[in-house]
Every structure is written in C-alpha cells, then in structure tokens.
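> Each chain, written out:
Number of protein chains: 2
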Amino acid sequence: MQRFVFFGGKGGVGKTTISSAYAHKCATAGLDTLLVSTDPAHSTADVFDQRFDDDPQRVDGYDSLWVMEIDPEREVSEHLMEVKRALGDQVSPSIVNEIDRQVELAHQTPGAHEAALFDRFIEVMRDSEEYDRVVFDTSPTGGTLRLLSLPQYLEGWIDRLLSKREKSVDLYEKAAIGDMEPRRSAVGDPIIARLRERKENFEFAGETLRERSQFFLVLNPDELSLRETERAIESYDERDLPVGGLVMNRLTPEPDPEEDGRGARFLRQRVETEREHLQRVEREFTPPLVAAIETRIAEVRGELLAEVAEELDVSI
Amino acid sequence: MQRFVFFGGKGGVGKTTISSAYAHKCATAGLDTLLVSTDPAHSTADVFDQRFDDDPQRVDGYDSLWVMEIDPEREVSEHLMEVKRALGDQVSPSIVNEIDRQVELAHQTPGAHEAALFDRFIEVMRDSEEYDRVVFDTSPTGGTLRLLSLPQYLEGWIDRLLSKREKSVDLYEKAAIGDMEPRRSAVGDPIIARLRERKENFEFAGETLRERSQFFLVLNPDELSLRETERAIESYDERDLPVGGLVMNRLTPEPDPEEDGRGARFLRQRVETEREHLQRVEREFTPPLVAAIETRIAEVRGELLAEVAEELDVSI
Chain B
1 MQRFVFFGGK GGVGKTTISS AYAHKCATAG LDTLLVSTDP AHSTADVFDQ
51 RFDDDPQRVD GYDSLWVMEI DPEREVSEHL MEVKRALGDQ VSPSIVNEID
101 RQVELAHQTP GAHEAALFDR FIEVMRDSEE YDRVVFDTSP TGGTLRLLSL
151 PQYLEGWIDR LLSKREKSVD LYEKAAIGDM EPRRSAVGDP IIARLRERKE
201 NFEFAGETLR ERSQFFLVLN PDELSLRETE RAIESYDERD LPVGGLVMNR
251 LTPEPDPEED GRGARFLRQR VETEREHLQR VEREFTPPLV AAIETRIAEV
301 RGELLAEVAE ELDVSI
Chain E
1001 MQRFVFFGGK GGVGKTTISS AYAHKCATAG LDTLLVSTDP AHSTADVFDQ
1051 RFDDDPQRVD GYDSLWVMEI DPEREVSEHL MEVKRALGDQ VSPSIVNEID
1101 RQVELAHQTP GAHEAALFDR FIEVMRDSEE YDRVVFDTSP TGGTLRLLSL
1151 PQYLEGWIDR LLSKREKSVD LYEKAAIGDM EPRRSAVGDP IIARLRERKE
1201 NFEFAGETLR ERSQFFLVLN PDELSLRETE RAIESYDERD LPVGGLVMNR
1251 LTPEPDPEED GRGARFLRQR VETEREHLQR VEREFTPPLV AAIETRIAEV
1301 RGELLAEVAE ELDVSI
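Residue numbers (my numbering), protein chains in the order written: chain B, 1 to 316; chain E, 1001 to 1316.
Calculated directly from the structure, the hints in this document are not laboratory data. Since this is a predicted model, take the numbers as computed values, not measurements. One or more hints might be untrue.
Claimed, not checked - A partial selection of chain B residues facing chain E, derived with a Cβ cut-off under 8 Å: (1) Y172; (2) D256; (3) L267; (4) I297.
To be verified - Mimicking EDC-like on lysine to aspartate or glutamate, the simulated pairs with C-alpha atoms at most 20 Å apart in a straight line are: (5) K164(B) <-> E1098(E); (6) K1084(E) <-> E1197(E); (7) K84(B) <-> E73(B); (8) K1164(E) <-> E1200(E); (9) K1164(E) <-> E98(B); (10) K1084(E) <-> E1073(E).
The beta-carbon is built from N, C-alpha and C at its ideal position, and this holds for glycine as well.
Throw the hints in and build the complete structure from the sequences for me.
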C-alpha cells in the first residue's frame, strides 16, 4: 500500500468511521499511522473518546496511532492572514486596503475552504515522513476532487504570470522608470519567488497524489450515492489518480428469519433494494468493492472499530 | 401563500417528493400550479409516471398541474453558447478565440451550473404569470444558497463596471482615437445595454425572492442534516429570505408493538435516536416544523403522494 491513503465520498456516508477503522488496522499491525481528520463535527473525538487538535497526538491504548484534526474554518482565516501579510509586503501602501478587500472577498467564495485545506494537506504530506502510513478522512464538502486538480490548472496559470512578471521586470530594468531601482531583477524579486514556491508546492502535491497515494471511495446503497460515486470515479480517472476500491457502508441489517410484522416487512424491502444497488456496483463499477458494511446499532468505537477494520478487505 | 415556493435542502433528503406532494396539494385545491424540477435524475417522471421536458406539460389525471424539468447540463451549454455569441458581437475579431477560451474555462468552474440554472429560474419567474403557484424543487447541488445572494454581489460589481465603461466611452468620444467613431455614446453602447439588462434581471430576482417567495427546507433526522439545515437557515436569514418552515423527511417507521428480534431492536434504536433529533429541531430551530414524514416502503406516487400531501401542514 502507498504511504498516503484517502477515503473520499459525500458528507454523511461514513468516511470518518471507515478511515478510523483502516487507521486502526494499520496501527495494530505495527505501522506508525497518522489519521488526519477534517470533519468539522470532530467525530474522531467520538470514535476514540479523546480530544484532538491540529498537532498529531498519540491515541490512548495504541502504541503507534496518532490523530490530528484540521479545522477548515481556522485554516481559512489563517490562510487569509498569511495571504494579506505576504501581499502587504509586496505592494505599495496606497493599494493595500483595496487588496485586503479583494482577498477577503475571495475567501468568502465556496472554493476558499478547499483551497486552504489543500494547502494544509500539502504541508502534512511534506512533514509526515516519520509515519509509515498517513490516512485522510477527506473533507465532507464534496469539493475535494476539484482541489486535487488544482496543480494541473495552476501550473499553466502560474507559468503565464511568471513570464509576464519577468517581462515587466525586464522592462523596468531597461527603462529604469521613475524611482524604481534596477536591482529588481527576476532573481531577487519577491513576487516571482512566491509564485515559484506555490508552483513547486503544487507540483509536489500532484506527484505525491499520483505516485505515492491511494484513493478509496465510501458510498451508501442508494441511487444518489451510486450516481455521485460514478461521477467521482470518472474525475479520479481523468486526473490519473488511482482509485483502489469502493467501500459500501450503512447496509440495512436483515431481521431474524422468524420476525414478521410492519418493521420486518420494512427492513426486508430495504435489504432487497440495497442488494440490487450492491450488485450494480459489483457489476458495473471498475474499482473493486473492498467492503460491504452493515449499519451498527451502537456507535462504531472500541470493539466495534476492530470489527469494522476486520471487514475492510484492504491491504495495510 | 406567496406565488413562488421553494423546497431547499441537500441532495437525497427528498426534495422532489415533498415538492411534488405540495404541488399536488395546490393543484387538487384548484390552483393552477407549475412544478419546476431541476433534479438531474428526473425523478418527477417517476412520481407522475410521465415524461417531461423544458416546456411546462399538463400532468395526466390533473386539471391544473403542470410540470417542467430543467436539465442543468443543457442549461450550462446553452448559456455558454449565448455568452460566446453576445461577446463575439462586441469585441474585435482578433481576441475572439482568447475570449472563447476564457468563457469555456469559466463554464467548467463549480459555480457555472448554479449560474446557468439561476438565469433559467429568473426566466421562469418572469414568464409564469398565468400560474397561481410555482413550486421549485431546488437543485440538489447545495450551491443554490450562494446563487440567491448573486443579486446583491453583482449589483455593486455591475455598477462599478458600468461607471468605468461610461468613462471610457466618454474618453473615446472626446479623443476620437484611431478609427473609433464618436457614435459610441453610452446610450447605444451594446456592452452597457447588456450590463444594464443583467443588473435589472438580478434586481427583479432579488425582489421576487424576498417579497413574492417562500422557502421551505427539507431535512432528514440525522446529525449531519440538522447541522446543514442550521447553516442554511442562517444564510437565508442573512439574505432576508423568508424561511416558512422545515419538513422532516425519511423518519424510520416503528415496528409493531409485538415485534421482537434483531430487526425490531435495530428499528427501535433508530426511532429513538431520530426522535431526539426531531425534538432538537422543534426546540432549537426558529422556523416551525411543518411536517414529519415517515419513510414509505413503496415509492411515493399516486395514492401515496396524496397521503404525503395530507401530512404537509403548509397553507396553499
């Protein structure tokens, strides 16, 4: 298995449970494992009955399992401050206010969460060499896929900006217009340096995602979830990202054979419909089905987590 | 009730069922009712067992119910062609290719679907004066709320563009630069005309949504759905959009009292958890709970649709 393992899928399908179970599996097999949770509801805290934050913390009762929780809201505001500071250093004071307004507006757009989170993911991927396995329960916003294509999009864009910026520095040097000093060469230019850094960052991310990562998609046995998963598989394929398998979660449990009544009829009907969906996944979807997991009555934690981990037919 | 009624909520909560039931209720009470469906799965076709398209069609078996289905994909490509055509008329031939590329790129962004759909919604709101009631099963993409704030955002932006454009036309007239003719006054200018039209369009939408519309939110009895609904209510409030009530959908049915076994235990546990969620909604959420609807074994259509309509405590 690759070092970085992502569990994707729409909000509510059970990504946190499945990725916690997989992290449990890796850790109990002796691998130093980091679970990175981005769920704003902080449900890893429920799974392991322990509070986590932005710094990896060892989980009680495990020798080699660590958890960190990334809060997307906090990432966005820190990202905002960092961008403002970086731009403030580079532009003339007269337009700082206008730029601050533009940057604030940009951070209110729907993509801002994903952009900030992705920056954080890249940091984690860079700084986690001491772990054998890093497991992400990807953001439930559904924008994750778009994010993953950022490197390709941005590389061309940054290249164009870079060449424009280099031309304009060149012009400044030749003309030495106004009070601009000729020392503004491309080498020491702070804007070019920053663009290069961003580009390099995204190149690293693209390579790491394509070559050192594996993606699993979690889904539920209903029409909508199948449709969304189909679309997700296409997007991963388009971006050459390896989808290792599908995890069907939240299957309705069957009633006992002797049960009879309104409840049992309801459940049997459900189980029947869900079985059709499951068969369609096995028949029509390219990535293999690596687990089909029944809904538990109790919350998945402790003993149950080990049980779910057992059901995951995923190598560690 | 207002003329325009929207049923919002995340994908999969059952908006199409609920809005079909509400449309049924209005139509059987004698109101000329148009149901506008945007679900890419075309589930109104399932509900009424009839095919629909972009033009309102009367539903078999009803005197005063019409359905139209809007396909977001088709709207995006038509919107794309229309924007290209309009821009092509207005710019010099040398940059048409570059502009086409930019417009295509813009239409691949996540907001493009919502933008195109919203344009279509405005058209429907303008052209539906012959109906007493127009019911929307809003798009399941979750971007609908962002869309609804477009008028406010865009008005300021268009105003600024308008004033810049007017200044530049003014300059052209004074200078009569190159081969530009002074006839390019602000009055006959096609770009200014188009911007004014867009602005007027969005003003109409904003007014109609605030003053002649009512919004209902459909949710399911789980933690994630409650959290998303809480956030949605806030966004509606921020934009002065009237949330008329909440519809709790997909409640698990209780087993018969004498049932006992694995299935019955599972269902009772579920019902208990869902009851807690329902109580939290009644206690903590500001808009009233106007219906709490149990999951049906069969698909909701025909007789069942009338039954669900009965359960909606919403005036017509």
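> Hint check: K1084(E) vs E1073(E), CA-CA at most 20 Å. Holds or violated?
holds (17 Å)
> Straight-line Cα separation of K1084(E) and E1197(E) no greater than 20 Å?
Since the Cα atoms of K1084(E) and E1197(E) sit roughly 17 Å apart, the hinted pair holds (cutoff 20 Å).
> Taking the least C-beta to C-beta distance, is L267(B) closer than 8 Å to chain E?
holds (5 Å)
> Return the status of the interface hint for Y172(B): holds when the least beta-carbon distance to chain E is below 8 Å, violated otherwise.
Violated, about 26 Å.
> Grab the minimum C-beta distance from D256(B) to chain E and call the hint holds if it beats 8 Å, violated otherwise.
Since chain E brings a Cβ to about 4 Å from D256(B), closer than 8 Å, the hint holds.
> Is it true that the CA of K1164(E) sits at most 20 Å from the CA of E1200(E)?
holds (18 Å)
> Mind checking the CB of I297(B) against every CB in chain E and telling me if the closest is under 8 Å?
I297(B) check passes; min Cβ-Cβ to chain E is 5 Å, inside 8 Å.
> Checking one constraint from the list: CA of K84(B) to CA of E73(B), max 20 Å. Satisfied?
Holds: K84(B) and E73(B) sit about 17 Å apart, inside 20 Å.
> Holds or violated: K1164(E) and E98(B), Cα atoms, limit 20 Å.
holds (17 Å)
> Would the pair K164(B) and E1098(E) pass a check requiring their Cα atoms to be no farther apart than 20 Å?
holds (17 Å)
The structure is inconsistent with hint 1 alone, although it conforms to all the rest.
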